[in-house]
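K.L.:
Using the hints, position chain B against chain A.
The listed protein sequences derive, respectively, from chains A and B. Under this note's numbering, the residue at position 396 of the first sequence is numbered 396, and the numbers go up by one with no gaps. Under this note's numbering, the residue at position 63 of the second sequence is numbered 63, and the numbers go up by one with no gaps.
Please note that the accuracy of each hint is not assured.
Because identical chains share one entry, a pair is satisfied inside a single copy or across any pair of copies.
For lysine-lysine, the following DSSO-like pairs were computed, each having C-alpha atoms within a straight-line distance of at most 27 Å [stated by the list, open to error]:
no. : residue 1 : residue 2
1   : Lys269    : Lys209
2   : Lys10     : Lys121
3   : Lys308    : Lys58
4   : Lys10     : Lys269
5   : Lys22     : Lys266
6   : Lys152    : Lys311
7   : Lys266    : Lys10
8   : Lys307    : Lys58
9   : Lys240    : Lys10
10  : Lys35     : Lys10
11  : Lys58     : Lys311
Hints in this document: simulated from the structure, not taken from any laboratory.
2 protein chains.
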Amino acid sequence: MYRINDNYLKLPGSYLFSTIGKKVNAFIEANPDKKVIRLGIGDVTLPLAPAIITALHKAVDEMADAATFKGYAPDLGYEFLRSAIVKNDYAARGVDLAIDEVFISDGAKSDSGNIGDIFAKNNRIAVSDPVYPVYVDTNAMAGRTGEYQKEKERWSDVIYMPCTEENEFAPQIPSETPDMIYLCCPNNPTGTAMKKEQLQAWVDFALEKGAVIIYDAAYEAYISEEDVPHTIYECDGAKKCAIEMRSFSKNAGFTGTRLGFTVIPKELKCEGVSLNSLWARRHGTKFNGAPYIIQRAGEAVYSEEGKKQTKEQIAYYMNNAKLIREGLASAGYTVFGGVNAPYIWLKTPDGMTSWDFFDYLLENLNIVGTPGSGFGPSGEGYFRLTAFGSLENTKEAMERLKK
Amino acid sequence: MYRINDNYLKLPGSYLFSTIGKKVNAFIEANPDKKVIRLGIGDVTLPLAPAIITALHKAVDEMADAATFKGYAPDLGYEFLRSAIVKNDYAARGVDLAIDEVFISDGAKSDSGNIGDIFAKNNRIAVSDPVYPVYVDTNAMAGRTGEYQKEKERWSDVIYMPCTEENEFAPQIPSETPDMIYLCCPNNPTGTAMKKEQLQAWVDFALEKGAVIIYDAAYEAYISEEDVPHTIYECDGAKKCAIEMRSFSKNAGFTGTRLGFTVIPKELKCEGVSLNSLWARRHGTKFNGAPYIIQRAGEAVYSEEGKKQTKEQIAYYMNNAKLIREGLASAGYTVFGGVNAPYIWLKTPDGMTSWDFFDYLLENLNIVGTPGSGFGPSGEGYFRLTAFGSLENTKEAMERLKK
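Isolated chain A, as found in the complex:
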């Protein structure tokens, strides 16, 4: 008689966005005349840049001709894309990587969920609170998080690092010793970013304790301040303790196109075993490469035209972020984030709960955002707005808020 992985049964419901969807739909049904503006979901809205579209069409045409048709891709990614990544994302910032330290995938969500496969079950994880739910949920599925304590909204065996106004939303080195440390910088959901010396302290801590850092840099393209690192490998010693994940979702609008990558330096070893070779084995056995045409689209992101066009898209979203920050501030709100990330994290007024503020915004101003408590207990009393809407809608939302 077969048995299921009953760790799945311990998972609490993941109802954040479905609850939001139901509330919004009920409101729209009851108020068909109101124009609801959605600044809740972290999905992009601008179309793919022209250079990417051209590359996609060209690659599709290659697939139409036996002479240029591409069958199975290299499991770990085409060299043309890995070279472009090594050159533009790393060498240009003074970080030397070999192309076989870069693994192409269908996105950072898959990679951050799957990376746990190469680690033993009995590792203790540390995560920020609030946090992107995938890190914790996938470790729960692997049996690494203990029991879920409903009243605390926490897992018994996870080290949580509260990120609040008091510590400027930067995770603090915990008193307990973790084995695997998840860091997301610039951060989803708080929109804040660690400075280089803060990240260096994490690298030093990981090296001292023999911990591995899973570094999610999906929002790297939004960094605008000088002292925020673009890759963890800018920190001394990081190649010996850190895995970095990147995505094309937010820098080039690939949320529905699916492409990302993971960097595992060959220096990263656990008692002599190379994590690079473990991941290569995992990738080659449980994955069959990202589509050729999508990898060509990824390559186009690094062309001169592609860089220019995607930079303009990021500027468009960051202009929205600025409007939101300034609009909220002038309306008397306390706001964070939005400088190195497309997320604005605001303090709910008058001690309202995150959900009360959600209802207030929806019912009175017809604006949809995301309750901070949905990302973890330390998110209570906070609220997330995103810069991914259109300029017109963002402006209108701010007008409503200022009234």
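P.N.:
Positioned in the frame of chain A, the structure of chain B alone reads:
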């Protein structure tokens, strides 16, 4: 101090295709004047069909316009594709499925590797021998297979079902009781297929013992005989014990385009827990959907033009299979497969080992195939040729063999 998943260290090297590559390259270097014909690898060679190319271009254009741009896809797949699958692959064969019993993915390799996530570690697996290596390797990574016994080329806790000439390459019900049974039909590498009553016996056995069947139907489109089932759900009771996986790789040439799906009927429950909901949770947490443009390409496979064109491609490959079968038979070889699958499984002559025959073919006839022993110990003394080459090369290879 973090620890790795040391099950990975138990995995034997996976050197089959790299050993073949090295031998072939060395031969070509030493004999630059010889024309080597490759009938070894299971990759398609015909370009994508025109209907698919048209759909890809159209979807790319949609991504270029804000009004039609698509961001995050539904985790489980777009309804347009799931509906087409339910209608064409199942309803048309008398099998009723709901669209939320179909999960779109990036391919059957990923799905057959990842499906183990939803099962407990302490399940005993049964596999055919020879077998597609992904089933065993991914279970080894999960710690489900015991120790690797090098001299036997087997894992201590796996139930192997030898498929040989004696049983016409059909896996036989084992004396030990498995919890998870992997079946691939039509089969890679033997190219043979079970008849409906043979598959029904497996379903009956699974229901009796409380086992789950992981049914890989990636080669379904190549079935030409009436009494070979196209889906396991043609068997009575299969919805209560079987998960089915399909791929667009071989029926529509998507090896480099990446699309597949898994069917988990809602009736499939383990002590009241729906496997469909476990997989939905896994899929939604560790995966972010297949690319929109690729899902539109998948939809086009089911259009009238797409069906006609992909059918012609399959006929092209199956004509190659026929030429290989007949060519080998007239040259005095004993051949199997190639009627319901694009693989021909031949007995090596004069009791040669699979690798000796590989060397013989390469050196004397300049033909590359795959040694049967590479797929498992019961593959020793057999050899795989594929029908995925060009007609010209296939004809020439047969001419050489007949001489």
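K.L.:
Evaluate Lys308 and Lys58 at a C-alpha cut-off of 27 Å and name the case that applies: within, between, both or neither.
P.N.:
both (20 Å within a copy, 25 Å between copies)
K.L.:
Please sort Lys22 with Lys266 into within, between, both or neither, judging by C-alpha distance up to 27 Å.
P.N.:
between (47 Å within a copy, 24 Å between copies)
K.L.:
When Cα atoms must be at most 27 Å apart, do Lys35 and Lys10 count as within-copy, between-copy, both, or neither?
P.N.:
Neither. Shortest intra-copy (39 Å) and inter-copy (59 Å) distances fail the 27 Å Cα cut-off.
K.L.:
I want to check one pair: Lys240 and Lys10. Are their C-alpha atoms no more than 27 Å apart within a copy, between two copies, both, or neither?
P.N.:
between (34 Å within a copy, 24 Å between copies)
K.L.:
State whether the alpha carbon distance between Lys58 and Lys311 is at most 27 Å within one copy, between copies, both, or neither.
P.N.:
Both. Shortest intra-copy (23 Å) and inter-copy (26 Å) distances satisfy the 27 Å Cα cut-off.
K.L.:
First find the shortest C-alpha distance between Lys269 and Lys209 inside one copy, then the shortest across copies, and answer within, between, both or neither for a cut-off of 27 Å.
P.N.:
within (14 Å within a copy, 44 Å between copies)
K.L.:
For the identical chains here, do Lys10 and Lys121 meet the 27 Å Cα criterion within one copy, between copies, both, or neither?
P.N.:
both (16 Å within a copy, 16 Å between copies)
K.L.:
Which holds for Lys307 with Lys58 at a C-alpha limit of 27 Å: within a copy, between copies, both or neither?
P.N.:
both (18 Å within a copy, 24 Å between copies)
K.L.:
My question is about Lys152 and Lys311: at a cut-off of 27 Å on alpha-carbon distance, are they close within one copy, between copies, both, or neither?
P.N.:
neither (42 Å within a copy, 57 Å between copies)
K.L.:
State whether the alpha carbon distance between Lys10 and Lys269 is at most 27 Å within one copy, between copies, both, or neither.
P.N.:
between (32 Å within a copy, 17 Å between copies)
K.L.:
Within a copy, between copies, both or neither: which one fits Lys266 and Lys10 at a CA-CA cutoff of 27 Å?
P.N.:
The answer is between: 20 Å across copies meets 27 Å, while 36 Å in one copy does not.
Hints 6 and 10 from the earlier list are contradicted by this structure; the remaining hints agree with it.
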